[in-house]
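Each chain, written out:
4 protein chains.
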Amino acid sequence: MSVCPFDHPVLGGLLGDEEVAGYFSVEAEVKVMLAFEAALASAEAKAGLIPGKVAAAIVDAIAAFKPNVDRLRVAVSTDGVVVPELVQQLRKAVGGKAASHVHFGATSQDVIDSGVMLRLKPVLAIVEQRLAAFLGALDSLRKRDGERPLMAATRMQPAIPIRAGNRIESWRGPSERNLERLRTWMVDGLVLQFGGAAGTLDKLGDKASEVRTALARELGLADRPQWHSQRDRIAELASVLSLISGSFGKFGQDIALMALADDGIELAGGGGSSAMPHKQNPVSAEVLVTLARFNAAQLAGMHGALVHEQERSGAAWTLEWMILPQMIVATATATRLANELAANIRRLGCD
Amino acid sequence: MSVCPFDHPVLGGLLGDEEVAGYFSVEAEVKVMLAFEAALASAEAKAGLIPGKVAAAIVDAIAAFKPNVDRLRVAVSTDGVVVPELVQQLRKAVGGKAASHVHFGATSQDVIDSGVMLRLKPVLAIVEQRLAAFLGALDSLRKRDGERPLMAATRMQPAIPIRAGNRIESWRGPSERNLERLRTWMVDGLVLQFGGAAGTLDKLGDKASEVRTALARELGLADRPQWHSQRDRIAELASVLSLISGSFGKFGQDIALMALADDGIELAGGGGSSAMPHKQNPVSAEVLVTLARFNAAQLAGMHGALVHEQERSGAAWTLEWMILPQMIVATATATRLANELAANIRRLGCD
Amino acid sequence: MSVCPFDHPVLGGLLGDEEVAGYFSVEAEVKVMLAFEAALASAEAKAGLIPGKVAAAIVDAIAAFKPNVDRLRVAVSTDGVVVPELVQQLRKAVGGKAASHVHFGATSQDVIDSGVMLRLKPVLAIVEQRLAAFLGALDSLRKRDGERPLMAATRMQPAIPIRAGNRIESWRGPSERNLERLRTWMVDGLVLQFGGAAGTLDKLGDKASEVRTALARELGLADRPQWHSQRDRIAELASVLSLISGSFGKFGQDIALMALADDGIELAGGGGSSAMPHKQNPVSAEVLVTLARFNAAQLAGMHGALVHEQERSGAAWTLEWMILPQMIVATATATRLANELAANIRRLGCD
Amino acid sequence: MSVCPFDHPVLGGLLGDEEVAGYFSVEAEVKVMLAFEAALASAEAKAGLIPGKVAAAIVDAIAAFKPNVDRLRVAVSTDGVVVPELVQQLRKAVGGKAASHVHFGATSQDVIDSGVMLRLKPVLAIVEQRLAAFLGALDSLRKRDGERPLMAATRMQPAIPIRAGNRIESWRGPSERNLERLRTWMVDGLVLQFGGAAGTLDKLGDKASEVRTALARELGLADRPQWHSQRDRIAELASVLSLISGSFGKFGQDIALMALADDGIELAGGGGSSAMPHKQNPVSAEVLVTLARFNAAQLAGMHGALVHEQERSGAAWTLEWMILPQMIVATATATRLANELAANIRRLGCD
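Residue numbers (my numbering), protein chains in the order written: chain A, 123 to 473; chain B, 123 to 473; chain C, 123 to 473; chain D, 123 to 473.
Okay, chain A solo, but in the shape it has when bound:
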């Protein structure tokens, strides 16, 4: 299927993102889940919970392991989550007595949520770097065109003359703060999830905290108590993503309005029309508006998922799976397009 534009062989060219695509393949997902299982075995061996040899066998098996994706697909349709079948396949691959030590003390949510964090890390770094690049592009724009006159418009009416630099600043300020917000989240939000069946790491006894700390260090995530039913960090990330795309939406809307009124802008790189060859459509400006509105709507779903009942809500958790990856890619795409659009501004402000 090609239901959503990010995954679409054609529309993906407009709305997807080649650079982040690698983190949204099944291979990438399986890789982080296996990384969790390997790190878990190592950490548990260090804590003396499982024999060192067993851990080594698990790590070795994982290095060579390729899951049967078709069977994962079938199993997820019943289990609602991929981990039980993945663990079963992995246990078979490990074989012998070591098999039963795979995934010891962990639960599906540990694997999935930590796996999301492991992929968020590099993807958010891309978004971060692009946001910084956008700020740089605006700085150059300001340097070049900042003193040009421009007619301010308030309430859809020409107001008084300002300078191009004033409008640039209205794009720059939010993006600068968004970059700060993103960085703050990357420090506070990229946390290990590890709690076992019901969050108490019941099978690990007095080694629970030691294993968790070692696991966090191994995976490069912050060591925090389990948060399987505390989804505030995830919803907060969604908010940051929507702030980023929303601020670009203003940028895109402003550019599109200037292009419409042929007022104070010269753009390169417009799109073609099948009916009117003379047109230069400000496609990326429009799509920035689209992505802003897309993420704003998604945010309602993500915050609704805060009502995560009891120790694990299949309903609320699955809703996150449906929305969060799309918000991430929408935001990554928005940062890509914002940079493209900034680069396509040949002149901002009047002569």
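You may find that some hints are simply not true.
Which copy? The list can't say, so a pair holds if one copy fits it or any two copies do.
[To be verified] Calculated pairs, DSBU-like style, for lysine-lysine (alpha carbon to alpha carbon, straight line, at most 35 Å):
| hint | residue 1 | residue 2 |
| --- | --- | --- |
| 1 | Lys188 | Lys265 |
| 2 | Lys401 | Lys265 |
| 3 | Lys265 | Lys214 |
| 4 | Lys175 | Lys153 |
| 5 | Lys265 | Lys153 |
| 6 | Lys153 | Lys214 |
The hints are simulated quantities; they were obtained by calculation from the structure and are not laboratory data. Nothing here was measured: the structure is a model prediction, and the numbers come from that model.
Based on these hints, arrange chains B, C and D on the given structure of chain A.
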């Protein structure tokens, strides 16, 4: 990429739908767009706007035509829409003088919007048939278990005894009305879009209405004036889809609550847990809640896209592309799961 | 408090609606709830469930009854719903043996939901009449200015010349269909809610259906089986309201864009600025966009409330109370502003 | 009108908040706007932009000034914003030559946005204090009941035994982080808005920055460059509010589920039913879910308003007015109810 669950090789097993998948491939999309172009050529030939031979050449070329999808992908990143490049490729395939007659008088939106309608037709028929099947399943359930006692619950508190049939009716009523709503929409909503560059069919002169009628007949869509910036039918469909999945959300929530309290239900087909082999998770019940909440959030986006400025809004239109297909598949999946869940109810009500 | 703009002594002048205000006072609410209780007593007397004298006493007491609103306020903070206290006050007012017959066989939801329907009837009639008036205003506009030239704009770019009448039609078509949708809903959706404690009218025995029919006739609502946990009609109404305001949002956006570009429009009645006395802000055009986006966001909440668990969900039901009245008034206001704006168009299209 | 529950004489008892009500009266709004104008006059006098005597006259007139609210209401219906009429009335009250110095160099948005900040300050302090109280209540609860056994539930199924303290922690963690988020916002977000007609403080010449700094100090807001079209701080606040209410939604949902299953909880203070006197409805638990879902839906609207075109968007700004105050009160109410509910837990966990 596998960003959204419907397109995901693994999660698609839970949240996707094999039966509707065929309508959400690039091949299926290209097929309906080409069907539009072929029907357009025929209709224009009948009206004497292009030579019959030319139309035949176009139709023949289309029958053999396979687009270069990679180039479509590249072009859409600039043009914001696939049609200009597709038409160009098609013209090349047609060749000679006939080439210039391809897509005559039409615009991107005619091709895309009519193409959506052509795919909606069979997909909605699947949803319709499943909704009807669900009503049948509830009828059987009522026949078997309708007289069993059940404790009503109001405001999350046991209230007074009712019968299982009463609760079944609370699932049946909305679905019956939703089926009616869907059928009404399929009659009123499946309409041709044909307006040319700015909706006036300016190139067709006094043949405009004749061509539109012939085109509608050829494609099996209702013949209506162009609606390129009138998105109410599309937003109305989104509402109907959300009503369907929302009503199933209540069904799923009720079943999940009964399963939690172990109260008045016996279910088959529960999902497994990686940490607790004894559990039987009511996965499809939970996912029905997920899909209801997913569609409810999307609906805000789709209705926001009603603010479709001027003769064509790239921003609002692209937003529909991002959301509507997902709502359709989410709804199709919900109808599939609702039937599965109904079939898995071994007993409703107490002994 | 003046938290929401509709109720705000100042902002209400912009966003509220004097004509519908009367239906959104506590007095109006109490009046319909009492109308329900009076009609119930009469219907039950006719069916021989309560003595005719008792019914007469109840009806008489209701005619003179004024609730203690402060105590209603206190009670609702505990009960979550106003009816228990209202019924208690009413029983005291009725006094004697008749008191215990007040509200016989009914529950809070019967009173509240039927009461909403009783107020929706006249309010939706106002919306209907204004929608019809808007269509008339557009017809006049078309007659006067329809042939004037206008530059079409697609994807925020000038496209090809059209006529003012073409753009008018893009506003007219959706509103015409919305009027039809609203009328259909007024026929199908204005239904009595009457089910008793858990929807089974358990206390009415074999008179249940007779009483319900009489009650419906008395109140002028359609006689349908109870729907206390079947919220599809309510969510459908919300969709219709959002379609209406969304279509006006396009109208407002188009006018605002024309005003911005000073392109093809002359408007009267613009708003003043505290800093720039020369400006004529297209305030009502902007506010139409606001109301469209407001309702679109609310719609997500209303459709989320379809997940109405078991026989009565305090959570989902209360969410409707928070949102639906606002959507109704937002839509009424939008119809008011759309008519004002249409009347303020001095010229549409170029000379 | 009583359209929204916060302002409703009856429903306000459930969904409103007496303590914050004072900040949502017209009087409170006018007061902060006048505080802005007085502080502006003083700051401009200090900078030598207006005579000290004039400033004193303005300040004195403001101290005695009572606006004609009816005329404000009428004016806002045309101007879309209350400030032009308020300033006119104020100028009349000041009289003489001083009149023309009122509001010098400022614009509507300066007054409104700074006024919002001035009211947010005390209101958020109330929310902050209640959040802290809630954390304290949970600490006491943990002390008293933390060691009691409880059956964990994952995916709506009993899982393994945990302790009451584990579930308490799942409520505590998010609220603790939300308190931190709120405090951070109160430091970074409570900023002066001051930019003049188009953000450039064009009338203040080289005194602009001096006046802004003095004005910020006078009003007790952070001194930052104007942000009239940079709405990220406002949208971020909305996110924080929704995180707060969303986390309480989980708390309420958990309690309601425990009450339903009569599992591990004893509650006081339930609500009554008009049909079933024996019931004790967990009304505040349900309403916490309602408020969570309400705010989640509103958040989509607030983030949509980030697309704030050009130097001032009437459409996007008005949308904030419609939503933000409601989100604030919904959040304040949620903090109130969460404390009430925590206090009503007589026992958490099993014996």
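Verification of the supplied hints:
When the C-alpha separation of Lys188 and Lys265 is checked against a cutoff of 35 Å, the pair qualifies neither within a copy, at 53 Å, nor between copies, at 48 Å. Taking identical chains as interchangeable, the C-alpha atoms of Lys401 and Lys265 lie at most 35 Å apart whether they share a chain (30 Å) or sit on different chains (32 Å). Neither within a single protomer nor between protomers do Lys265 and Lys214 lie at most 35 Å apart by alpha-carbon distance, with minima of 62 Å and 45 Å respectively. Taking the shortest Cα distances, Lys175 and Lys153 sit within 35 Å of each other inside one copy (22 Å), while across copies they are farther apart (57 Å).
For the homomeric pair Lys265 and Lys153, neither the shortest alpha-carbon distance inside one copy (45 Å) nor that between copies (42 Å) is at most 35 Å. Taking the shortest Cα distances, Lys153 and Lys214 sit within 35 Å of each other inside one copy (18 Å), while across copies they are farther apart (44 Å).
Hint check: violations occur at hints 1, 3, 5; the rest are consistent with the structure.
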